[in-house]
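Undergrad: Position one of the sequence shown corresponds to residue 1 (the UniProt record's numbering), numbered consecutively onward.
Hints may be right or wrong, so weigh each one.
As a list, the in silico DSS-like pairs of lysine-lysine whose alpha-carbon atoms are at most 25 Å apart [claimed, not checked]:
hint: 1; residue 1: K447; residue 2: K538
hint: 2; residue 1: K564; residue 2: K623
hint: 3; residue 1: K788; residue 2: K745
hint: 4; residue 1: K380; residue 2: K421
hint: 5; residue 1: K84; residue 2: K110
hint: 6; residue 1: K776; residue 2: K846
hint: 7; residue 1: K575; residue 2: K562
hint: 8; residue 1: K410; residue 2: K394
hint: 9; residue 1: K447; residue 2: K562
hint: 10; residue 1: K469; residue 2: K564
hint: 11; residue 1: K421; residue 2: K408
Cβ pair distances, simulated, as ranges [as the list claims (entries may be wrong)]:
hint: 12; residue 1: K408; residue 2: E138; range: 46 to 56 Å
hint: 13; residue 1: L1165; residue 2: H670; range: 34 to 44 Å
hint: 14; residue 1: L720; residue 2: T885; range: 56 to 66 Å
hint: 15; residue 1: Y439; residue 2: L473; range: 12 to 22 Å
hint: 16; residue 1: S405; residue 2: D1110; range: 22 to 32 Å
hint: 17; residue 1: N113; residue 2: G270; range: 44 to 54 Å
If you're looking for bench data, these hints aren't it; they were derived computationally from the structure.
Note that CB positions come from ideal geometry on N, CA and C, so glycine has one too.
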Amino acid sequence: MPNGYAPMLSDFTYDVFLSSSDGVSNAFVDSLCRVLRGKGINIFRSEDGKTRPAIEEIENSKMVMVVLCNNYAFSTESLDELAKIREYVDNKRKQVWAFFYKVEPSDVRKQRNSYEAAMKIHEEKYGEDAEKVQAWREALTRVCDLSGVHFKDDVFEAELKKIDEAVLDKIVEAELEKIIEAASSKLVPVPVQMNHVVGLDHHFEMVKSFIDVESSDSIRMLGIYGAGGIGKTTFAAYIYEKIRHYYFEASCFLIKVRENPNKSKNLLEGLQKTLLSEMGVETETMMGSTNKGEVEIKRRLGHRRVVIVLDDVDSKEQLELLVGKHNWFGSGSRIIITTRDAAVLDYNAGIKKYKMEELNDSDSLKLFCWNAFDMPTPAKNFENISHRAIDYAKGIPLALRVIGSNLKGKSIEGWEIELGKYRKVLNAEIQDVLEISYYSLLEPERKIFLDIACFFKGEKVDYVKRILKASDLSCQVLASKCLIMVDENDCLEMHDLIQDMGREIVRGRPPLNPGHRSRLWSHEDILQVLKENLGSSKIEGIMLHPPKLEEVDNWNNAAFEKMKNLRILIVRNTKFPTGPSYLPNNLRLLDWIGFPSESFPPNFYPENIVDFKLSYSPLVSIKPLQKVFQDLTFVNLSQCQFITQIPNMYEAKNLRVLTIDRCHKLEGFHQSIGRMPNLVYLSASECTMLRSFVPRMYLPSLQMLSFNFCSKLEEFPEVLGKMDEPLKIHMINTAVQKFPESICKLTGLEYVDMSTCSRLQDLSSFVSLPKLVTLKMNGCSQLAESFKMFRNSYSQANSYPSLKALSLSKANLSYEDLSIILEIFPKLEYLNVSHNEFESLPECIKQSLQLKHLDVSFCRNLREIPELPLSIQTVDARYCQSLTTKASNVLLSEKTNTHDIRFISPNSTSLVSKTSPHKETRHEQKYDVIENFGEILNSFKLEQTAGVANALLRWWRNAKADIRGEVSASTYEASSLQEHEDVVWDVAQILDMLMENLPKHITDSEVQRIGQLVVELLVAHAQHMKEYSHEKLHINLTMPIILVECEGHSCRGLEGAQSLRYWGTVELEEGDPLVWKIWKSNEALRLSYTLVLKCEHHSAEESLEKEYNDPALQALMRSIEEDATRLNKSYGKLKASIVPMDVQVSDKYLMETAIIRGLERLGRLLSNFNKTDYGKLRVEHEAHITTCERKK
1 MPNGYAPMLS DFTYDVFLSS SDGVSNAFVD SLCRVLRGKG INIFRSEDGK
51 TRPAIEEIEN SKMVMVVLCN NYAFSTESLD ELAKIREYVD NKRKQVWAFF
101 YKVEPSDVRK QRNSYEAAMK IHEEKYGEDA EKVQAWREAL TRVCDLSGVH
151 FKDDVFEAEL KKIDEAVLDK IVEAELEKII EAASSKLVPV PVQMNHVVGL
201 DHHFEMVKSF IDVESSDSIR MLGIYGAGGI GKTTFAAYIY EKIRHYYFEA
251 SCFLIKVREN PNKSKNLLEG LQKTLLSEMG VETETMMGST NKGEVEIKRR
301 LGHRRVVIVL DDVDSKEQLE LLVGKHNWFG SGSRIIITTR DAAVLDYNAG
351 IKKYKMEELN DSDSLKLFCW NAFDMPTPAK NFENISHRAI DYAKGIPLAL
401 RVIGSNLKGK SIEGWEIELG KYRKVLNAEI QDVLEISYYS LLEPERKIFL
451 DIACFFKGEK VDYVKRILKA SDLSCQVLAS KCLIMVDEND CLEMHDLIQD
501 MGREIVRGRP PLNPGHRSRL WSHEDILQVL KENLGSSKIE GIMLHPPKLE
551 EVDNWNNAAF EKMKNLRILI VRNTKFPTGP SYLPNNLRLL DWIGFPSESF
601 PPNFYPENIV DFKLSYSPLV SIKPLQKVFQ DLTFVNLSQC QFITQIPNMY
651 EAKNLRVLTI DRCHKLEGFH QSIGRMPNLV YLSASECTML RSFVPRMYLP
701 SLQMLSFNFC SKLEEFPEVL GKMDEPLKIH MINTAVQKFP ESICKLTGLE
751 YVDMSTCSRL QDLSSFVSLP KLVTLKMNGC SQLAESFKMF RNSYSQANSY
801 PSLKALSLSK ANLSYEDLSI ILEIFPKLEY LNVSHNEFES LPECIKQSLQ
851 LKHLDVSFCR NLREIPELPL SIQTVDARYC QSLTTKASNV LLSEKTNTHD
901 IRFISPNSTS LVSKTSPHKE TRHEQKYDVI ENFGEILNSF KLEQTAGVAN
951 ALLRWWRNAK ADIRGEVSAS TYEASSLQEH EDVVWDVAQI LDMLMENLPK
1001 HITDSEVQRI GQLVVELLVA HAQHMKEYSH EKLHINLTMP IILVECEGHS
1051 CRGLEGAQSL RYWGTVELEE GDPLVWKIWK SNEALRLSYT LVLKCEHHSA
1101 EESLEKEYND PALQALMRSI EEDATRLNKS YGKLKASIVP MDVQVSDKYL
1151 METAIIRGLE RLGRLLSNFN KTDYGKLRVE HEAHITTCER KK
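All chains should be built: construct the whole structure from the sequences, respecting the hints.
TA: Next comes the structure, spelled out in structure tokens:
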């Protein structure tokens, strides 16, 4: 318990501790107890005799009442209680009420009359100065400082003579009613269920210093905001119970303020009246208006220290009418507000905002288990499935409680079925709570929210705003209501349950026919609509993105004719046999990877189109792009292998991004592309037939221009006007020899990469560029004369360029060239001169006072290294095998500021590092792996696999660029998800090529392992995009199927098998009872499982089938056996069994397995694998005669 804070109400045993002495019970205390109990108040009655000692029960009570009468001070037990009670009065940890029954308060305070006599008796017994007696005297004085109720002698004495005891009791009770009414308001339990409170201590610690009940110098207001079901009300109740028993004079918890419609003044007036009533203020008549209510609240509570909770507020008006300004309440008051809309809290600058976040995994498990098992940990054998349940709830307390309660008492098999249902349809109780925030939105924000929930979760916020024509204000509204959030990468995120809520609203209750919903995202629903022509004008958006590549055999290509209002069409990971005969002209986004047609349908002129994304399409004609499309900003035609010319696009004046990478038949651009006023990003990399861009260009907004690997591109266009936007140019491996003099007009140019442009001879045109900081000329071996021209130019101009990073690896540099470079680029911070033949570094290098990073790796003739500048931090001298001992000593000298030295010692073949290799960051380690992979590729250029090698090289370069953070189209409001999908297509293509070449060229086990690394790198680079997939496979159990090939010997278990080969996968989804049946006895161990296929007479020794004899499991085994035997007849009859262990494939199949599994992870299925109800199974086309068959 935090120091100075009360325990939770649930921790108290009694509501009231009643301290009195013997002698008054018959007349007054009995009546007091009846009134208290009549109010439902649980009391502990302290009296001499039976119940003594009772002092420890004070701590266990919420409130204390003291009945002081003439003989009270004669009881030492009562005085001990009073001394203890005095401590709570002083530190304000409990409310204390005093009743002076037939005794004057001044007699108690000054210890006169009976109190004087009693204290003299105690002094004679304990001594006048005894500590105990002094404590009693101080307690008697202190209790009189409290607000008390005085019952004088004559109130009841006259009545005693006239009426009987029963009538007297009624009179006493009537007098007490008003007093107890005020006291009972302190004891009413908070109207929130507080069972099994989990994870709130952390939140309380975050706000405790602000709440600070010890401070009474100001009014403090705390606003708790967050999504529905996140625990705002519970946290407010938690704080309320902890602080309301301090010396607050009144308290009130108004639950669900939102449910009183703020349009009704009468209902708001009712809330004002409720607030006053719960504060103990009489409001028997209607106040007449909310204005009068404001006056009454300020008048009646303006001098009282109060604590108020306003729960679930949804408008500023509610706050203005209920808590108004700070001066409405007494100093030291605390106001707590909960809301789904953070913007509501802006009505008062003094409100401290606190956002409720999801529970962490540990607290989620505790809360779930309390509701599912009535204990904080999972029951035996329920550990794994409990973790899967909390993974679904994603830390939302409401979901954890609802799911836990619904699963309580069910078997594991029942849990499997229920969790499968949750994955498909959101629980109605959770839906009802979450959708409140949706219905509080205006219609434009509702549409934007549903679009994000159905299509754009995980996308860049600027991209979504552009596609949906959403204003900053609309996004702020959604964020303030905690329906969306923007992460550190400026991507829109949304809690999974919030997304499910939005999709359920679209689906409808009961579910609408898919063709009559406004948005479609389920690939089963979409394919049904397209095949059966079930569409309608109600459909506004479609996202067809199955988790695995879907090949559609037939569909109604006129299906879009009924969808006149379709705004969004996204098609990914799907192959159609024919293209659509109609596309709606209302489209704003057409994102169709692999669009299956050579041209657009006739009469397709989408005037509102914003994005055309048609990569990997067989398009030949792109005539619609020649029309006037004022809103068109993005075009992506990458990998369209039949496009030869980019047409006139001058009228698309708002075009910002044009991407046409790897269009291998592209020969040219219309000259209008060189005059696009808003074009920011243009990439035409790997267009191998492209010889020229445009003759002249003026692109004032351009920031990125890429013609990487356009190996026939010979000319750079004339620049017509000053272009001062920050610009990067990528022209790796082109045929350019020189640049025009007009390049000096690129005054914003910052970055140039001309690596492997082997024909490039002249760089003098770059000399005058004022902002150029990075220049990469690796592999440009004809630049020697340019360096001399540099020196002459700068000696005449008497000025030096701003270049900070220069790469000249494999540039055929001499000692003289290096000297010139160091002389004319004195501001260099990074210099890469690796793979050159010079024998020593110039002495003038020590004058490069800003140089931090030097790379001379693979300079095999390098012998001497002079003294380096003090600024040096890293030197890479790996494979400089001719280095002298003196040069090595220079590198390791403590005189330099070097943090990292890497080189091969002359007397050793091992890498020497000045700093510990363990200090490398994950980023550096990943980059090193990719660099090493690049070295492997140099020896992987077999003629038969040239296509594979080139594809891998391209991927390698892109991976390096990705790690270095180089610019991509998503930087300019493009779809980040489409970029990820493009990577997946590229990687899948490479893996397919590898698979085709694998049997002929890769057999050695070491090469297999290197190849496996290749696959892992490829898949790792692409796999993260699957996290954003709009349809995920929720698979509980994935079991590899391994074939045991019998070759020349009798198999004895798995250890004796010479060949173990990957043969398929069993994939069981959530809700399938077979998951539970397989896991049933080994749940706590969480074992891995493998399904093994063997020749029939070599059955597996370890088999779950033998253990369970379950009909459903046996049926699965029989089905797999029948399919495996039917699809692979050369192996004979096969027997299936499950073993509780990982079974590794043989070395010779490592590469094959890695490629196949990599493709599977990317959602691709090889042609020699068949889909089955339980997963996938290999079809072996090549004949294979086993030893077993030969024996037959």
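Undergrad: Confirm or reject each hint.
TA: Against the structure, the hints come out as follows:
With a C-alpha separation of about 13 Å, the suggested pair K447 and K538 falls inside the 25 Å cut-off, and the hint holds. The straight-line distance between the Cα atoms of K564 and K623 is roughly 22 Å, inside the 25 Å bound, and the hint therefore holds. For a cut-off of 25 Å, the pair hint linking K788 to K745 stands: about 23 Å separates their Cα positions. A distance of roughly 24 Å separates the Cα atoms of K380 and K421; the hinted pair therefore holds under the 25 Å criterion.
Only pairs whose Cα atoms come within 25 Å are accepted, and K84 paired with K110 is accepted, the gap being roughly 20 Å. Taking the CA atoms of K776 and K846, the gap is near 23 Å; set against the 25 Å cutoff, the hint holds. Taking the CA atoms of K575 and K562, the gap is about 22 Å. The hint holds against a cut of 25 Å. Between K410 and K394 the alpha-carbon distance is near 22 Å, which keeps this suggested pair within the 25 Å criterion.
Between K447 and K562, the direct Cα distance comes to roughly 21 Å. Compliance with the 25 Å bound is thereby established for this hinted pair. Between the alpha carbons of K469 and K564 the distance comes to roughly 19 Å, so the proposed pair stays at or under 25 Å and holds. Proximity of K421 to K408 is assessed by CA-CA distance (about 16 Å); at most 25 Å being required, the pair is judged to hold. Look at K408 against E138: about 54 Å separates their beta carbons, and that is inside 46 to 56 Å.
Distance hint check for L1165 and H670: the Cβ-Cβ separation is about 41 Å, which falls inside the suggested range of 34 to 44 Å. Between L720 and T885 the C-beta distance comes to about 58 Å, which sits within the given range of 56 to 66 Å. Roughly 19 Å separates the CB atoms of Y439 and L473, a value that falls within the hinted 12 to 22 Å. Remark: the range hint 22 to 32 Å for S405 to D1110 is upheld by a beta-carbon distance near 29 Å.
For the pair N113 and G270, the supplied restraint of 44 to 54 Å holds, since their beta-carbon distance comes to about 51 Å.
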